[in-house]
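Take the given structure of chain V and dock chain G to it, following the hints.
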Amino acid sequence: MDNEKPIVDFGAIRDALGKDFKPVQVIDGQANVVNQAIVSKYSNDQLVDFLKLMIWERTLHQRSNALTRQGRLGFYAPTEGQEASEMGSNSAMKSTDVLMPAYRDIPQLIQHGLPVYKAFLWSRGHVLGNEYPEDLHAMPPQIIIGAQYIQAAGVALGIKKNGTEDKVAYSYTGDGGTSQGDFYEGMNFAGAFQAPAVFIVQNNGYAISVPRRKQTAAKTLAQKAVAAGIPSVQVDGMDFLAVHEVTKAAREYAAAGNGPVMIETLTYRFGPHTNAGDDPKRYRTKEEEQPWFDNDPLIRYRKYLTDQGVWSEDLENEYVEQVKADIKAAVKQADEAPKQKMTEFLENVFEEKPQNIQQQITEYQAKESK
Amino acid sequence: MSKKTYIQAITDALRLELGSDEKTLIFGEDVGKNGGVFRATDGLQAEFGEDRVFDTPLAESGIGGLSIGLALEGFRPVPEIQFLGFIFETMDSIAGQMSRERFRTGGTRHMPITIRSPYGGGTHTPEMHADSLEGYLAQIPGLRVVTPSNPYDAKGLLISSIRNNDPVFFLENLKLYRSMKADIPDEAYTVPLDKANVVREGTDITLIAYSAQVNQSLKVAEKLEKEGISVEVVDLRTLSPLDEDTILKSVEKTGRAVAIQEAQRQAGIAANVASLIAEKGALYLSAPVGRVSAPDTVYPFGLAEDDWLPAEDEIEAKTREILNY
Numbered sequence: 001m002d003n004e005k006p007i008v009d010f011g012a013i014r015d016a017l018g019k020d021f022k023p024v025q026v027i028d029g030q031a032n033v034v035n036q037a038i039v040s041k042y043s044n045d046q047l048v049d050f051l052k053l054m055i056w057e058r059t060l061h062q063r064s065n066a067l068t069r070q071g072r073l074g075f076y077a078p079t080e081g082q083e084a085s086e087m088g089s090n091s092a093m094k095s096t097d098v099l100m101p102a103y104r105d106i107p108q109l110i111q112h113g114l115p116v117y118k119a120f121l122w123s124r125g126h127v128l129g130n131e132y133p134e135d136l137h138a139m140p141p142q143i144i145i146g147a148q149y150i151q152a153a154g155v156a157l158g159i160k161k162n163g164t165e166d167k168v169a170y171s172y173t174g175d176g177g178t179s180q181g182d183f184y185e186g187m188n189f190a191g192a193f194q195a196p197a198v199f200i201v202q203n204n205g206y207a208i209s210v211p212r213r214k215q216t217a218a219k220t221l222a223q224k225a226v227a228a229g230i231p232s233v234q235v236d237g238m239d240f241l242a243v244h245e246v247t248k249a250a251r252e253y254a255a256a257g258n259g260p261v262m263i264e265t266l267t268y269r270f271g272p273h274t275n276a277g278d279d280p281k282r283y284r285t286k287e288e289e290q291p292w293f294d295n296d297p298l299i300r301y302r303k304y305l306t307d308q309g310v311w312s313e314d315l316e317n318e319y320v321e322q323v324k325a326d327i328k329a330a331v332k333q334a335d336e337a338p339k340q341k342m343t344e345f346l347e348n349v350f351e352e353k354p355q356n357i358q359q360q361i362t363e364y365q366a367k368e369s370k
Numbered sequence: 371m372s373k374k375t376y377i378q379a380i381t382d383a384l385r386l387e388l389g390s391d392e393k394t395l396i397f398g399e400d401v402g403k404n405g406g407v408f409r410a411t412d413g414l415q416a417e418f419g420e421d422r423v424f425d426t427p428l429a430e431s432g433i434g435g436l437s438i439g440l441a442l443e444g445f446r447p448v449p450e451i452q453f454l455g456f457i458f459e460t461m462d463s464i465a466g467q468m469s470r471e472r473f474r475t476g477g478t479r480h481m482p483i484t485i486r487s488p489y490g491g492g493t494h495t496p497e498m499h500a501d502s503l504e505g506y507l508a509q510i511p512g513l514r515v516v517t518p519s520n521p522y523d524a525k526g527l528l529i530s531s532i533r534n535n536d537p538v539f540f541l542e543n544l545k546l547y548r549s550m551k552a553d554i555p556d557e558a559y560t561v562p563l564d565k566a567n568v569v570r571e572g573t574d575i576t577l578i579a580y581s582a583q584v585n586q587s588l589k590v591a592e593k594l595e596k597e598g599i600s601v602e603v604v605d606l607r608t609l610s611p612l613d614e615d616t617i618l619k620s621v622e623k624t625g626r627a628v629a630i631q632e633a634q635r636q637a638g639i640a641a642n643v644a645s646l647i648a649e650k651g652a653l654y655l656s657a658p659v660g661r662v663s664a665p666d667t668v669y670p671f672g673l674a675e676d677d678w679l680p681a682e683d684e685i686e687a688k689t690r691e692i693l694n695y
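So the sequence lines, in the order shown, correspond to chains V and G.
Just so we're aligned: 269 in our numbering is position 269 of the first sequence, and the numbers increase by one with no gaps anywhere.
Just add 370 to the spot in the second sequence (first one is 1) and you have our numbering.
Just chain G, with the same shape it has in the complex:
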């Protein structure tokens, strides 16, 4: 066991997978000598060589297409898209190509690609750097969208993603990169894909969240505990496809639910969670499903970010509202 930050846990996973499978490749903009703009790939080129860890020309669509071609030649590509806001440049590679290959070839070809990309608000980045775009990605059949909320999951989910034979979009939370530390095992371990995690058990209400919002939800749960309110917190971990069983089981127990996301409200992950509960768990409910999100605007400029992002007190207020409905 060693104390690792969220980003060190990611580097750890990358190093272990480069070491255990020589077909694993890491590439992207500035990932080589520079070790990535956030240092997620720090030291990996020096350790594994330029053949395994390399810089590409500055073109996101190129990085996506390159991954597909390398996968066809038997490699296990782990490309980095420097910021999630840059994926629009490579949406065809993701939505039009790699996620469809197993399907369009009748299962005769597969794409073991894990695209890593940082996202999430709170660090005052320029435009198109922090947007939560997971909703766009979540509607793509054949693509898994995975995001960890803590260092342990970051390492275990990334290893599972890389070893999976289908494409995974792996979202890393910018704000958590260095703000979270935890003791994690030094050796390789996996955390299952397609499985949500009950990170705190409770009996009165379920908060369903992911990424940085899990930590905000846990703080709300601790606060309400002092008033004798028992809050269960579910960390989705895989945003698409959803782990329906874990969500429904929790709502069956508590009878109340709030779905939380950092993204703008319309057609998002929280809407998907709410519709799941409405469709398959309505009779468990004692109150409507609550939803906490940012407003339906474009992601705001840096200085307005703190007002735009859903804050802990908004989660708390919505939780109380649903409890007292």
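Isolated chain V (complex conformation):
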């Protein structure tokens, strides 16, 4: 009896799960080109613009970090290490696409059209930072993990019902976000409706302190899309060109009416979860961090372009100074925002004001006119 073979070999099935996912790469960690055909698609100017996007994000991060420490910004979720993942994917999208971001996706929001000073106002908790013009196709950063995914499915279905051509909804979450019910519901709804959505999972290794391996028994996060009937892919999230090309292909596939796509970028959060007291030393070791720091997305790409003779330290310094000046101007603009009033809050609860709101507007008008 003991030697009898079971009707199903569950162990073999388990071992095979997720085996098909191999991270896509274009330029490896040593700055060697592993896919020349992709690199050759771009002119030197385009390649330099891509590097500039990552330098811009790194500079924005450094300034935001400093401004937070000085108490000049409020909530800030550091993005250092995720530049290839964030800029590589976002740069593959069009300004007419709808971005449904989470709180670590401020750089993508800015590149999608949000003025930097508004991003800073959002960080400070000023509603002016969330007042988007109609032609900024995005929602303010989502705080509830996963909620943006299911809303993105709704936007995508709306795009399909409106018959809008060449337009997709795209949304970001992290490795922790893939454990939420809304993550699966979002993918499953978009799949069931064959709606044009691109779901991006930035697997940066940690959900605050909980490592990726404790989130799920799944070998990859990309394979979670398989259950919803959605094609998915893993990509080297420290490789800008790989992320960019994969996202571009995903966007084209979704925009052509083939249904949604999911992308898992393999990246690393160099810093803390947020600047509100998180200390990675409590849950990570130097030995674990160092190889990821060496794998910095800027290092490999900068080295490649420097070797090609199209980038230099001088050019970089000049560009960084320009970005810093822009950020300084944005801080000044944010400082000029008027103080928020309770009456303005009350004005934006309902379009047609019920009695309680009318009464409270009157009460607060009296207080505010003192």
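It should be emphasised that the hints constitute simulated quantities derived from the structure, not laboratory data.
A couple of the hints might just be wrong.
Derived DSSO-like pairs (lysine-lysine); straight-line CA-CA distance at most 27 Å [said to hold, decoys possible]: (1) G:Lys565 <-> G:Lys551; (2) G:Lys596 <-> G:Lys623; (3) V:Lys94 <-> G:Lys393; (4) G:Lys545 <-> G:Lys589; (5) V:Lys353 <-> G:Lys650; (6) G:Lys393 <-> V:Lys353; (7) G:Lys403 <-> V:Lys161; (8) V:Lys22 <-> V:Lys5; (9) G:Lys393 <-> V:Lys167; (10) V:Lys353 <-> V:Lys332; (11) V:Lys370 <-> G:Lys551; (12) V:Lys219 <-> V:Lys281; (13) G:Lys393 <-> G:Lys403; (14) V:Lys353 <-> G:Lys565; (15) V:Lys367 <-> G:Lys650; (16) V:Lys324 <-> V:Lys339; (17) V:Lys339 <-> V:Lys353; (18) G:Lys551 <-> G:Lys403; (19) G:Lys619 <-> G:Lys373; (20) G:Lys589 <-> G:Lys688; (21) V:Lys328 <-> V:Lys353; (22) G:Lys565 <-> G:Lys619; (23) V:Lys161 <-> G:Lys589; (24) V:Lys22 <-> V:Lys219; (25) V:Lys353 <-> G:Lys688.
This one's a predicted model, so the numbers in the text were calculated from it and none came from an experiment.
Just chain G now, kept in the frame of chain V:
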């Protein structure tokens, strides 16, 4: 005019709004070919097509989030949550998301969403199907909670809700679905939101109720009339935000009030009504405000339902108590 049941009045409103605004969409679990488990959307998919009236996968949070995304793309979603007890699965979409969007975007985005859901006791449903959860919903800023007590209001309030540019939670009483019939206009008409209705005028005491409890209150009023007691009945219709003026005006006239709800007692709509009267109408009163409700337990299993729900005789007893205080 045609004689319509409460649920036919709802179907009527949905059909008219689908017909008058092509951006209106109806979706949920079983609302398509099946016409909803209670047939509220019966025939609508056949008439307006699968693009406008469609089934979703079985996931309430998904239905809530889908509504938000569709609203962002310019649609006017009218999702159905099959039973009110299932809203816990989609509370983030309701309380954390759609009701906040106008506020959090500084008025630059809005959510014209009407969530329909049946609730209310008396039909021996399984657990988590009949609970009165309006108290949870009533505390959410930016969300209107609306519930009709009769076929005329069902149609007019639903049309007003769908046309409103802010989210409305529209509660449909399960027991009234087929037990109430009335002559209502065939064409589209509206009943105002945020307005309570004095459904019976009186001078001795005010009963403030909503949904099925309005009908119980009216029966009590008729009974007491034979003894020469004049009872005014106020139907709240919009539970949140409250129409304070109508409540206070009535209490000023009668000097006595009983607030009635089917839900458990703690922190409910009736408590809100009583606190309003205490805060702004105490000097009108000749007696304390009475309260009728179910006890503070979890909604009971089906066979015990009739003992748990506030009955007509409880309303009558409380009304007499406050009258004779």
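Problem set entry | Distance restraint between Lys619 (chain G) and Lys373 (chain G), which requires alpha-carbon spacing of 27 Å or less | Violated, because 33 Å separates the two Cα atoms, which is more than 27 Å.
Problem set entry | Restraint status (C-alpha distance of Lys596 (chain G) to Lys623 (chain G) at most 27 Å) | 21 Å, holds
Exercise. Taking only the CA atoms, is the gap from Lys353 (chain V) to Lys688 (chain G) under or equal to 27 Å?
Worked result: 35 Å, violated
Exercise. Taking 27 Å as the top limit, are the C-alpha atoms of Lys370 (chain V) and Lys551 (chain G) close enough?
Worked result: 55 Å, violated
Exercise. Is it true that the CA of Lys22 (chain V) sits at most 27 Å from the CA of Lys5 (chain V)?
Worked result: 32 Å, violated
For this session: For the pair we were handed, Lys339 (chain V) and Lys353 (chain V), check the Cα-Cα distance against 27 Å.
Result: 23 Å, holds
For this session: Starting from Lys22 (chain V), check that the Cα of Lys219 (chain V) is at most 27 Å away, please.
Result: With a Cα-Cα distance of about 11 Å, the restraint between Lys22 (chain V) and Lys219 (chain V) holds, given a limit of 27 Å.
Problem set entry | Holds or violated: Lys393 (chain G) to Lys167 (chain V), with C-alpha atoms at most 27 Å apart | It holds: about 19 Å lies between the C-alpha atoms, which stays within 27 Å.
Exercise. Does the alpha-carbon distance linking Lys328 (chain V) and Lys353 (chain V) stay inside the 27 Å limit?
Worked result: The given pair, whose Cα atoms are some 40 Å apart, is violated under the 27 Å limit.
Exercise. Hey, Lys589 (chain G) versus Lys688 (chain G), does the alpha-carbon distance stay inside 27 Å?
Worked result: Holds: Lys589 (chain G) and Lys688 (chain G) sit about 14 Å apart, inside 27 Å.
For this session: Mind checking the alpha carbons of Lys219 (chain V) and Lys281 (chain V) for me, to see if they're no more than 27 Å apart?
Result: 26 Å, holds
Exercise. Between Lys545 (chain G) and Lys589 (chain G), does the CA-CA distance stay at or below 27 Å?
Worked result: Holds, because 16 Å separates the two Cα atoms, which is no more than 27 Å.
Hint compliance for this structure: hints 8, 10, 11, 19, 21, 23 and 25 are not met, and every other hint is.
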